[in-house]
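Participant: This is what each chain is made of:
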Amino acid sequence: MWHQGRCWFFDDDVDTDQIMPTRYLALRTAEALGPYALSGVDPAWPPRVARGDIVVAGWNFGCGSSREHAPLGLLGHGVACVVAKSFSRIFYRNAANIGLNLMVLQQDVADRTQGRDGWVDVANGRLSFDGGATVLQGAAPAPIVLEILAYGGLMGLRAAQAAKATAT
Amino acid sequence: MPPQTITERIIARHADRDAVSPGEYVEVRVDQTWSDDLGAPITLGLLETYGIAEVFDRDRVFITSMVNAPAHSIETAEVLKLIRELSRKFDITLYEMGHAAIHNAKAIELGKTLPGELIVGGNSHACMAGALGCYATGMGSTDIAAILATGRTWLEVPRTIRYRYIGKLRPWVTGKDLILHTIGRIGVAGADNAAMEFVGEPIAQLEVEERLSMSNMAIEAGGQNAICQPDAKTFAYVEKIAQRPWQPVFGDADARVSEEIVIDIDALEPVIAAPFLPSNTTSWCEVKGLPLDQVYIGSCTNGWMTDLRAVAAILKGRKIADNLRVIVIPSTAQIYRRAVEEGLAQIFLEAGAAFSLPTCGPCIGAHAGVLADGERCLATSNRNFPGRQGALRSETYLCNPVIAAASAIKGCIASPDDI
Ligand code: SF4
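Going line by line, the protein sequences match chains A and B. For my numbering, count along the first sequence from 1 and bump the result up by 79. For my numbering, count along the second sequence from 1 and bump the result up by 12.
Treat the hints with care, since some could be wrong.
Covered stretches of chain B (in silico footprint by chain A; criterion: 3 or more residues with CB under 8 angstroms from a CB of chain A, positions within the stretch not fixed) [unchecked claim]:
1) 49-62
2) 144-155
3) 159-169
4) 192-206
5) 372-378
6) 391-403
Restraint ranges, calculated between C-beta atoms of paired labels, are given here [claimed, not checked]:
7) A:131 x B:405: 28 to 36 angstroms
8) A:131 x B:13: 22 to 30 angstroms
9) B:272 x A:91: 23 to 31 angstroms
It should be emphasised that the hints constitute simulated quantities derived from the structure, not laboratory data. Just so you know, even glycine gets a beta-carbon here, dropped at the ideal spot from N, CA and C.
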């Protein structure tokens with residue numbers, strides 16, 4: 080789960096209504112929702128962002144509504160990982176459950192130039208810049224979350240558990 | 013056995029353990045779950061994808077169409093149609109139209125969120141049921157799909173923050189004001205992933221449905237759940253409606269909590285949360301006279317009978333101001349019927365308000381009262397994030413039902429003492 084991509088910086092308390100505005104909720108696949116991801120913060124955001132980019136947010140990212148359309152939109156847009164100082168619990172679970180990588184990093188990133196290159200190492204909780212010259216140490220996800228991510232999401236893990244239970 | 017808080021004891025019981033500690037990851041049995049017209053297409057779609065033919069227990073699952081029902085566009089009509097097909101396929105009860113309701117209120121009304129139970133609903137405000145003395149939390153569509161398949165989920169046992177209210181409730185101060193004030197004090201992540209436990213004499217004084225509006229908004233402080241120890245009022249409330257046997261659970265007096273926050277409400281006036289965060293609170297008098305385009309009374313927070321009665325008492329024999337529109341929306345069809353029977357509907361209509369179908373209404377900016385650019389709404393709902401009720405530059409102010417009713421009469425933010 081090591082990844083390089085351009086970083087896009089967001090502030091605190093970005094809620095899920097902003098990540099996926101209500102008017103798009105009749106859509107339900109990652110692909111369909113992708114073009115509207117984060118359009119409630121800034122409608123100019125989606126066109127600038129390319130597959131493989133990284134979202135770097137402040138405190139309480141994904142607070143508010145439990146709509147899974149929010150992480151689905153980010154996934155559909157090709158966001159490779161969301162890094163935040165903290166996540167709201169429901170968003171955090173939803174993102175892991177659909178296989179969207181995420182990582183907690185409480186340190187400030189000094190240079191928040193939009194689109195600068197970053198390297199994220201989810202399993203070890205690290206975000207680095209400048210070809211590895213700047214390394215910010217965050218927290219690796221809990222083992223259960225890493226396990227869910229390893230199966231591409233919760234349903235994959237549950238299916239594997241069910242298969243194991245019938246095999247034994 | 014180590015002393016346990018009420019939240020820990022309920023989780024332990026559902027994990028078949030004697031005790032649990034904050035920070036532990038546990039697998040638990042779920043007593044009740046639900047989904048809605050936003051989550052159900054994803055949730056039931058996952059069951060199809062993974063070849064799961066039936067839900068773990070159809071008595072513990074239901075769906076309500078409440079955000080976009082009745083359909084208001086071809087796209088939403090297609091979604092509602094799909095939900096009807098899928099709920100038939102999986103043999104899940106679907107409530108809509110004359111049985112419509114906001115799901116978390118429906119679950120309570122159905123007698124399926126009982127003291128001592130562990131509840132996981134497919135909406136963030138599922139935490140509301142906690143005021144009845146159960147552990148209740150909200151989750152997203154995939155978590156609900158996994159629960160439908162297995163009847164189980166995993167939890168990180170929350171630390172408990174105890175909020176001890178002291179002092180006397182002043183006139184026009186309700187449970188809604190206590191929770192808005194609390195969120196204003198601790199912030200929108202002030203109870204991040206914690207169990208919020210509400211205690212103290214003012215809590216004992218509140219009607220059960222006012223306690224429900226408090227626990228409803230735990231999510232606005234980031235809480236994993238919110239809970240009140242059940243008392244005689246709780247038992248009287250649930251005994252009439254319980255659909256299955258239940259056994260209350262109580263916390264130990266010497267259980268360890270991570271923090272106790274004392275909140276003195278002696279001087280508290282009705283509270284308003286100004287845009288764009290529920291924590292952006294102030295006393296109503298600080299925004300007195302602020303002009304409004306719309307007043308919305310309803311949502312899962314304040315669409316209860318207790319709320320509608322308080323609103324009707326103020327609107328009775330009065331007319332709403334000419335400069336604004338007023339929408340009253342009960343949380344469930346049963347409340348709607350009761351409001352008609354008790355004559356409340358007549359009062360709302362004579363005052364000039366719209367009395368609308370039990371849905372989420374304009375709370376979520378989908379339907380029945382969406383705001384235009386620059387419009388300002390005073391609402392009894394629970395969120396005021398940017399664009400929550402419509403256009404990105406519309407504004408939502410949150411308040412209690414009596415302030416909403418008085419403001420509807422006055423045409424600007426006001427208290428019942430001003431009319
Ligand atoms: S009333 Fe509002 S907060 Fe409650 S369930 Fe509906 S949309 Fe969500």
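Participant: It remains to establish, for every hint, whether it holds in the given structure.
Facilitator: For each hint, the structure was consulted:
| no. | hint | verdict |
| --- | --- | --- |
| 1 | 49-62 | holds (count 8) |
| 2 | 144-155 | holds (count 6) |
| 3 | 159-169 | holds (count 4) |
| 4 | 192-206 | holds (count 4) |
| 5 | 372-378 | holds (count 3) |
| 6 | 391-403 | holds (count 5) |
| 7 | A:131 x B:405: 28 to 36 angstroms | 33 angstroms, holds |
| 8 | A:131 x B:13: 22 to 30 angstroms | 51 angstroms, violated |
| 9 | B:272 x A:91: 23 to 31 angstroms | 26 angstroms, holds |
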